[in-house]
Amino acid sequence: MSDAEKTAPESPDATAPASSVSSSSLPSPSPATEPQQTRTLTVRVQRSGPGGANARFDDYRLSVGPEDSVLDVLDRIRVETDPTLVYRHSCHHSSCGTCAMRINGRERLACITRMLALGTDVVTLEPLRSLPVLGDLMVDMRPMFAHIDPDWGYVRPVEKASTGVPHGVARYTRLENCIECGACMSACPVSNGTDDMPPATAQPAQHAAPQSTRQPARQAASQAASQAAQDTDESLPTDSPADPLAAPLFIGPAPLAALNRELARHPERREELLHIGKGPHGERHCRRHMACSRACPSGVYPAKDIMDIRMMHGGGKD
Amino acid sequence: MEHIAIIGGGGTAAALAHDLILRGFSVAIYERGEFFSGATGRHHGLLHSGARYAVHDPEAARECIEENMILRRLVPQAMEQNDGLFVALDDEDMAYRQRLKDACAASGIPTRDYTPEQARRLEPGLTETVLAAMQVPDATFDAWRLALPFLATARAGGATIHNFTEVIGIDVQGGAVRGLRLRTLTEDVHGARGREWTAPADMVVNAAGAWAGKVAALAGVHVPIQPGPGVLVAIEGRVTNMVINRMRKASEGDIIVPQRRLSVLGTSMWLTNDPDHLDIPPEHVQRMVRLCSEMVPACADAAIRSAWSAARPLIGNADAARPQEISRTFDCYDHGTRDNVSGLLSIIGGKGMTLRAMAEKTADIICRLTGHDAPCRTRETPLLPARAFYRS
Ligand SMILES: Cc1cc2nc3c(=O)[nH]c(=O)nc-3n(C[C@H](O)[C@H](O)[C@H](O)COP(=O)(O)OP(=O)(O)OC[C@H]3O[C@@H](n4cnc5c(N)ncnc54)[C@H](O)[C@@H]3O)c2cc1C
Ligand code: SF4
Ligand code: FES
Numbered sequence: 152m153s154d155a156e157k158t159a160p161e162s163p164d165a166t167a168p169a170s171s172v173s174s175s176s177l178p179s180p181s182p183a184t185e186p187q188q189t190r191t192l193t194v195r196v197q198r199s200g201p202g203g204a205n206a207r208f209d210d211y212r213l214s215v216g217p218e219d220s221v222l223d224v225l226d227r228i229r230v231e232t233d234p235t236l237v238y239r240h241s242c243h244h245s246s247c248g249t250c251a252m253r254i255n256g257r258e259r260l261a262c263i264t265r266m267l268a269l270g271t272d273v274v275t276l277e278p279l280r281s282l283p284v285l286g287d288l289m290v291d292m293r294p295m296f297a298h299i300d301p302d303w304g305y306v307r308p309v310e311k312a313s314t315g316v317p318h319g320v321a322r323y324t325r326l327e328n329c330i331e332c333g334a335c336m337s338a339c340p341v342s343n344g345t346d347d348m349p350p351a352t353a354q355p356a357q358h359a360a361p362q363s364t365r366q367p368a369r370q371a372a373s374q375a376a377s378q379a380a381q382d383t384d385e386s387l388p389t390d391s392p393a394d395p396l397a398a399p400l401f402i403g404p405a406p407l408a409a410l411n412r413e414l415a416r417h418p419e420r421r422e423e424l425l426h427i428g429k430g431p432h433g434e435r436h437c438r439r440h441m442a443c444s445r446a447c448p449s450g451v452y453p454a455k456d457i458m459d460i461r462m463m464h465g466g467g468k469d
Numbered sequence: 126m127e128h129i130a131i132i133g134g135g136g137t138a139a140a141l142a143h144d145l146i147l148r149g150f151s152v153a154i155y156e157r158g159e160f161f162s163g164a165t166g167r168h169h170g171l172l173h174s175g176a177r178y179a180v181h182d183p184e185a186a187r188e189c190i191e192e193n194m195i196l197r198r199l200v201p202q203a204m205e206q207n208d209g210l211f212v213a214l215d216d217e218d219m220a221y222r223q224r225l226k227d228a229c230a231a232s233g234i235p236t237r238d239y240t241p242e243q244a245r246r247l248e249p250g251l252t253e254t255v256l257a258a259m260q261v262p263d264a265t266f267d268a269w270r271l272a273l274p275f276l277a278t279a280r281a282g283g284a285t286i287h288n289f290t291e292v293i294g295i296d297v298q299g300g301a302v303r304g305l306r307l308r309t310l311t312e313d314v315h316g317a318r319g320r321e322w323t324a325p326a327d328m329v330v331n332a333a334g335a336w337a338g339k340v341a342a343l344a345g346v347h348v349p350i351q352p353g354p355g356v357l358v359a360i361e362g363r364v365t366n367m368v369i370n371r372m373r374k375a376s377e378g379d380i381i382v383p384q385r386r387l388s389v390l391g392t393s394m395w396l397t398n399d400p401d402h403l404d405i406p407p408e409h410v411q412r413m414v415r416l417c418s419e420m421v422p423a424c425a426d427a428a429i430r431s432a433w434s435a436a437r438p439l440i441g442n443a444d445a446a447r448p449q450e451i452s453r454t455f456d457c458y459d460h461g462t463r464d465n466v467s468g469l470l471s472i473i474g475g476k477g478m479t480l481r482a483m484a485e486k487t488a489d490i491i492c493r494l495t496g497h498d499a500p501c502r503t504r505e506t507p508l509l510p511a512r513a514f515y516r517s
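Going down the list, the sequences are from chains A and B.
To convert a position in the first sequence, counted from 1, into my numbering, add 151.
To convert a position in the second sequence, counted from 1, into my numbering, add 125.
Each computed SDA-like pair below joins lysine to any residue, with the alpha-carbon atoms no more than 25 Å apart:
1. B:Lys226 with B:Thr240
2. B:Lys339 with B:Arg463
3. B:Lys339 with A:Arg229
4. A:Lys311 with B:Glu361
5. B:Lys486 with B:Arg504
6. B:Lys374 with B:Glu184
7. B:Lys339 with A:Pro234
8. B:Lys339 with A:Thr232
9. B:Lys486 with B:Pro325
10. B:Lys339 with A:Arg227
11. B:Lys486 with B:Ala342
12. A:Lys455 with A:Gly344
13. B:Lys226 with A:Val320
14. A:Lys311 with B:Pro249
15. B:Lys374 with B:Ala423
16. A:Lys311 with A:Tyr452
17. A:Lys311 with B:Arg245
18. A:Lys455 with A:Met441
19. A:Lys311 with B:Arg385
20. B:Lys226 with B:Glu450
21. B:Lys374 with B:Val410
22. A:Lys311 with B:Arg246
23. A:Lys311 with B:Pro241
24. B:Lys486 with B:His497
25. B:Lys339 with A:Leu236
26. A:Lys311 with B:Glu242
27. B:Lys339 with A:Asp233
28. B:Lys226 with A:Ala321
29. A:Lys455 with B:Arg386
30. A:Lys311 with B:Arg363
31. B:Lys226 with A:Gly319
32. A:Lys455 with A:His417
Rough simulated footprint, nothing fancy, chain B against chain A, three-plus residues with beta-carbon under 8 Å:
33. 244 to 255
34. 287 to 297
35. 300 to 310
Since the hints were made in silico from the structure, they are not lab data.
Ideal placement from N, C-alpha and C gives every residue a C-beta, glycine not left out.
Go ahead and model the full structure; you've got the sequences and the hints to work with.
Laid out in structure tokens, this is it:
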């Protein structure tokens with residue numbers, strides 16, 4: 152289908168709220184008066200059972216308006232065509248962090264990604280990598296949250312309130328920018344298993360296994376981790392019995408970003424926090440692909456947090 | 126103790142599960158989508174002071190200020206301490222000012238007046254034409270992270286919670302509820318999807334928000350629910366520190382809720398019978414931006430990050446002249462006395478931020494009906510942090 156191919160304007164039924172109860176005083180939305188530039192697209196959705204069992208793609212063809220987000224389109228498929236389509240969503244405006252998925256191969260939030268802006272006639276939707284698939288586009292977030300202590304804070308004071316604060320407010324506070332969506336976990340080549348950077352550059356040099364035998368980087372890093380675990384006699388807390396949570400090689404960008412925020416909130420807990428951040432599953436596995444920062448929809452730049460932690464002294468590794 | 130099945134997985138259901146667990150009941154929640162994918166996750170995120178309702182809906186205003194103070198204590202990690210301003214822009218707004226002040230005082234909502242200069246010093250983004258401003262204890266909250274602690278705490282206390290599980294039937298025998306018929310929407314390892322099953326229950330609570338009418342119909346009963354959708358618009362950038370409200374009768378496009386690095390503008394309202402088909406009328410989006418930019422001009426120039434709709438679970442009221450005047454209070458209906466279906470309750474209405482109070486009222490009725498003398502403990506019992514949800 153070419154870009155020029157346009158479908159007829161949507162019927163009034165599609166743009167007006169269904170079965171509006173009319174009342175003269177109601178500001179009931181009228182059907183769009185101007186023809187919308189809609190296009191008919193194919194949405195290709197990965198469907199599967201838990202663990203990606205029976206993974207396959209289902210195609211849905213539907214007409215899409217210029218303002219439709221990927222989430223709007225998924226909602227429409229679910230309500231009109233297939234009530235068993237499973238995906239996570241809640242806020243619809245990039246605050247809750249539930250709707251991250253791979254859209255045309257890149258990690259994005261479905262709620263703020265406009266379909267037509269993608270510019271492809273087929274839009275492919277797949278679940279995040281690095282986290283176990285529970286079904287269709289839904290992944291299990293527990294492996295990520297296993298390494299973000301629930302007691303770490305989620306608000307921070309505003310550094311500079313140039314305007315002063317209103318009466319009775321001691322200091323403005325902000326919710327953290329990290330919406331815990333997992334996009335960075337999926338994009339990180341070390342976490343998702345696609346790391347093909349030559350092992351010679353693997354971090355940290357002092358723990359890397361002999362490099363002469365050209366082993367895949369992931370394997371090298373794995374050896375580095377087990378070696379490091381032996382060195383430091385540390386293991387990750389395994390307070391959940393489910394085993395997608397078995398200690399991964401690398402706890403990943405989001406937990407390290409959260410850890411760096413917690414360090415800023417609680418400088419007095421520096422040693423304890425750096426012990427995790429610089430531990431056998433921490434920053435040492437980062438190979439500076441920067442994929443996490445590129446994937447983050449919320450301006451967190453987790454790679455910078457990881458480098459911050461790497462530069463800090465303490466945590467038993469000076 | 127009795128087993129209570131809750132239909133719906135919004136904030137109301139989560140808070141009710143938490144309350145019932147604390148009172149000793151056995152609890153299960155069934156939600157057809159992701160938790161908080163109905164109105165609960167999608168709302169404006171305004172921790173109302175109650176001022177918005179003080180003049181025309183004092184009962185809702187009192188509920189808001191009381192719950193505002195409780196939630197600041199229970200879930201501080203889900204909110205920004207920014208307070209709110211009501212701003213007057215014209216003579217009509219100025220005429221409303223004294224009524225609003227008096228009504229706030231009557232409902233126990235503290236207020237503080239600012240001159241235009243003081244207001245603009247605090248919020249330089251306000252229009253130069255602001256005539257007066259009044260501070261109220263509003264705040265911004267993260268919808269997902271305010272509700273999740275209730276679910277996390279309930280589950281840690283023994284509640285079983287099922288998402289992607291749709292209630293497709295309510296089993297009523299001999300005038301009493303016996304259980305639910307359910308459908309699991311996810312696929313199992315064998316590739317089977319849509320498995321149907323049943324779960325017994327001593328009592329069933331319909332907490333399905335705007336869908337409460339559809340759910341009640343499964344048991345052949347009626348609830349006076351009126352779904353009232355509205356459009357919200359998130360723009361890039363934070364145009365103010367504080368929540369900004371227009372100083373006039375609750376209307377459209379009169380609230381700006383800044384959050385993180387966004388500002389959420391809203392909202393409109395229409396009525397529908399079908400909360401599943403929510404459109405996002407482009408002219409509503411434009412209107413929200415235009416009306417909010419009267420208060421803070423920068424709203425007009427910011428890029429739109431997202432526009433979406435959500436359906437309020439309003440209690441139907443044929444007498445209200447405008448949908449905005451339908452009361453935002455809540456009510457719990459006992460279908461035993463109303464419709465001779467004993468063991469079935471419906472809880473509807475309210476606000477996202479009155480979830481705890483709605484749960485308290487419903488659990489009180491459940492205690493009365495089951496003959497248990499267990500007081501509500503949710504005001505003072507600490508909640509687990511939101512992230513604990515992923516550890517239980
Ligand atoms: C535009 C707008 C702005 C708002 N702004 C604010 C605000 O700023 N502050 C505030 O406090 N409140 C606000 N509200 C109000 C608030 O969103 C609602 O009052 C509140 O979220 C209702 O919660 P609930 O749990 O009762 O309903 P919901 O969150 O809608 O939960 C009902 C759940 O039931 C599920 N369900 C339906 N049918 C079935 C079935 N058959 N089986 C299983 N599950 C089912 C649905 O999927 C849904 O998740 C706003 C509302 C709107 C619409
Ligand atoms: S750092 Fe960014 S990408 Fe990673 S979880 Fe947080 S918001 Fe999502
Ligand atoms: S639905 Fe909340 S981030 Fe997309």
